[in-house]
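Assemble the complex: chain A is given as a structure, and chain B must be docked to it using the hints.
Chains as they are written, first to last, in our numbering: chain A, 1 to 209; chain B, 1 to 418.
Be aware that a few hints might be false.
Claimed, not checked - Covered stretches of chain A, going by a simulated chain B footprint (3 or more residues, C-beta under 8 Å):
#1 18-31
#2 46-58
#3 121-133
#4 151-157
#5 196-206
Think of the hints as simulated: they come from the structure by calculation, not from any bench.
Note that beta-carbon positions come from the ideal geometry of N, C-alpha and C, so glycine has one too.
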Amino acid sequence: MKNIFILIATTITLFSCKKDLNNTGTEYANEMYHSEAYEPLSQIVDEKNADYNSNPNNPYKMNMRKPVTNTLKISKFNFNFGNSGVVIPATYHIDKDSFQLSGRTLKNPLKLKSTFLSDSVALLEQGKVLYTNFCKHCHGENGQGDGEVGKIYKGVPSYSKGSVKMDTEGHIWHTITFGRNRMWSHASQINPEDRWKIVLYVQTLQNQE
Amino acid sequence: MSYDYKVLRKISAKFTVLTLILFSFSFSKGQTIPTDDAVISAGKALFENNCTQCHGVSDDVVVGPGLKGVHARRPLPWLIKWIKNSTLLINSGDAYANEIYNKFGKTQMQSFDFKDAEIISIVAYIKSESEKVPVVAAAAVPQGGGGVQQVSSNDGVSNNFILVLFVLVLVIILIVLVLILSIITKYLNSSTNISDIDKEVIESKFDLSAVYNSKAFKGIATFAFILVIGKACLDGLVGIGISQGYAPTQPIAFSHKLHAGEYKIGCNYCHTGVYKSKSASIPSANICMNCHNAIKQESPEIQKIYKAISTGRPIEWVRVHNLPDLANFNHATHAKVGGIECQQCHGPIETMEVVQQYSPLTMGWCINCHRETAVNGKDNHYYDALMAAHTKSQDGNAVKEPMKVKDIGGLECSKCHY
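Looking at chain A on its own, in the form it has when it is part of the complex (with noise of 0.2 Å):
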């Protein structure tokens, strides 16, 4: 009997073991796990801990620190498009609100220029595959406002119905940047240049019947 509630208890004890999901598990030479400088996206802020890397100087420890005041956003100015010729110009000086304004003034400088880039079929993949991350899940796989997120964050259009559908290129290079009633601002996730080519294939999904 003795014997029997011997091996209960150490079967018990043995099944009982569990993995830790907050524990990295052993690490030899920790010096070369965790980053002596200071780096943005491992930091340690404890500082009892033996890896401590975080900058004490900074609000919050932070070793990520904003730009200073007065540094020049790189959209100020001009932007290459590679060794095409095309520039992109800084046309940021239109109020977010210029709807209008930038409909009617604001051009792709993507089709532009077409001894480079005439593969303008590569340019449209290019701006598919784009749409597919950054736009699909709101505004659907054609454009019709059907995306999963879009359907329970509501008010997405439909780009190849009403009004939606005669929206210029620049209006739709504004909007993605800006925002435009429920939909905020995307300029900090796509750069000026992949903007454009969203709106080679926006364009695309307008005309569609």
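Positioned in the frame of chain A, the structure of chain B alone reads:
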């Protein structure tokens, strides 16, 4: 005479205009919203094409107010004026128009170049929808909302149910067997005419200690014990420095299963650096806000994002995949140039409630992939000459094996360690 004629003409013209105005006024005043199916379906098309981005036929605010019952709230002429040019109506000092304008954050409603009849058809559609909305909503909610979850939870329940049933059946069989045994023993004991040998069998007790004490049992037990302990020790030693399966609790219970799995948001949407830089990057809170400015605002987990934004204190996510400093890994090289799917290294991330380290991230694991993977030269002119060179061996025979990463230096130390 001619003078009178002119005056008469003027008067009659004025009168005609006046009557027309009066007539149109009384007409629009007395206008009723049509309930004709053709008009309603025309209004439906117009509404869906032009209005749904800002309005819904419910009480919920999308961008502008929910339009359920708007035909009862406002008179038709007012609606027509408002839709045609809301700014004009606001500037004319209309009290209701100004109230609406201020209530919705002074957002101007776009002007629509509709004909009166078109606006009336839209209102007709809204009216017909408003009156049947409760039925539609009641039917739609269980389909849309809990559909996916219900199915999955049902699956779990049925699986558990089968298991429990199985165990129950086994227990019942056991009880029945024990009962039969006791009945037979009782019966045999009560009967007198049985031999001594049989009696011995009936009265014999199963002795466990005999099994324990047997040499064979001891031997097997010792062997198994050593095997288990040995395996555990080896695993522990080999696993030093490998955090496979590490799934730390994050400051915000963000679910990749929900966002990437159910709502199919692409990885690149939040991890913006993945095709452009070394690090895939952790999304900043403004990307969360692209949706969560309106969705699930009241959830305590979402409140943490709002707090981070308002205080400027960043969210301290716990790093899951940590490659030692001595190895250089570039996301853009692998995901953009190599065209590798995120899931190949990160595992089925779209099914993970809490992200865990899926791959061992050891050097052997890296190298093995470099040995096996063919170079992705599609649409990449950089590799054209190399690809051409690797289709033929030195003696002129065609090479069947495609160019692997190892062939272009994927095994060189200094490719990753520098």
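Status of each hint after checking the structure:
1. 18-31: With 10 residues closer than 8 Å to chain B, the stretch 18-31 of chain A meets the three-residue bar; holds.
2. 46-58: violated (count 0)
3. 121-133: With 3 residues closer than 8 Å to chain B, the stretch 121-133 of chain A meets the three-residue bar; holds.
4. 151-157: Since 7 is at least three, the answer is holds.
5. 196-206: That given contact is violated, which follows from only 0 residues of the stretch 196-206 of chain A lying within Cβ reach (below 8 Å) of chain B.
Hint compliance for this structure: hints 2, 5 are not met, and every other hint is.
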